[in-house]
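Chemist: Residue numbering for the sequence shown follows our numbering, beginning at 13 and increasing consecutively.
Read the hints as simulated data drawn from the structure, not as lab findings.
Source: prediction; values computed, not measured.
Yeah, the Cβ is synthetic: ideal placement off N, Cα and C, and Gly gets one too.
It cannot be assumed that every hint is accurate.
[Stated by the list, open to error] Cβ pair distances, simulated, as ranges: (1) Phe161 <-> Ile106: 22 to 30 Å; (2) Leu18 <-> Ile97: 27 to 35 Å; (3) Leu18 <-> Phe161: 20 to 28 Å; (4) Leu18 <-> Trp147: 18 to 26 Å; (5) Leu168 <-> Glu146: 19 to 27 Å; (6) Pro169 <-> Ala54: 49 to 57 Å.
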Amino acid sequence: AYLGGLLAVFITGEGFFVFSETRSAAYPGAAFESEPIRRMLAGPYAPLFLFEVVVGLLVPFLVLARRRLRASPAIVATMSILAIIGILVHRLNIVLNGLSYPLVEFPPGLSIGEYTPGQPSFITSYWYAPSLVEWLIVLGVLAFGALVFTLAALVLPLRESGAH
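Turn these sequences into a full structure, and let the hints guide you.
Modeler: What follows is the structure, encoded as structure tokens:
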């Protein structure tokens with residue numbers, strides 16, 4: 013129950029930081045700096061942001077705010093997993109949004125390779141999605157971490173001497 017209450021407090025802190033981040037980035041008068049946050053709140057990344065807020069912050073907090081539910085270790089573990097997923101989606105949202113802008117600031121931008129009447133043939137932002145190679149790298153890093161953990165569990169003494 014204590015860990016559930018502590019998690020609820022930390023989720024509240026994370027919610028405050030997410031709110032502060034979105035408010036400060038959307039400050040009026042900073043058009044270039046506010047464009048990424050607009051894309052995150054109402055653009056192509058809005059579903060990720062909504063998932064992060066609802067699944068990663070709101071649901072765990074509302075469940076853990078109830079003392080009876082907070083006393084169940086299974087519920088606390090499930091809400092912990094949801095909170096971690098929400099934080100990872102938040103980080104993913106930040107990375108994908110940042111990668112959707114070209115690194116080189118030379119005009120005219122990125123060529124989209126096709127001509128559409130009335131539309132420019134160059135863009136300054138786009139929808140970024142990780143390639144298959146990037147997903148395989150992530151999978152490889154996770155597999156390596158699982159291998160290291162497994163080897164550590166096999167090699168390291170995890171029990172006190174004399175314990176059966």
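Chemist: Compare the structure with each hint and give your call.
Modeler: Here is how each hint holds up against the structure:
Hint check: Phe161 to Ile106, Cβ distance near 27 Å, so the stated range 22 to 30 Å holds. Taking 27 to 35 Å as the suggested C-beta distance range, the pair Leu18 and Ile97 does not conform, at roughly 19 Å. Between Leu18 and Phe161 the C-beta distance comes to about 25 Å, which sits within the given range of 20 to 28 Å. Distance hint for Leu18 and Trp147: a CB-CB separation of about 34 Å, inconsistent with the stated range 18 to 26 Å.
Taking 19 to 27 Å as the suggested C-beta distance range, the pair Leu168 and Glu146 does not conform, at roughly 32 Å. Checking the proposed 49 to 57 Å range against Pro169 and Ala54 shows it holds: the Cβ atoms sit about 54 Å from each other.
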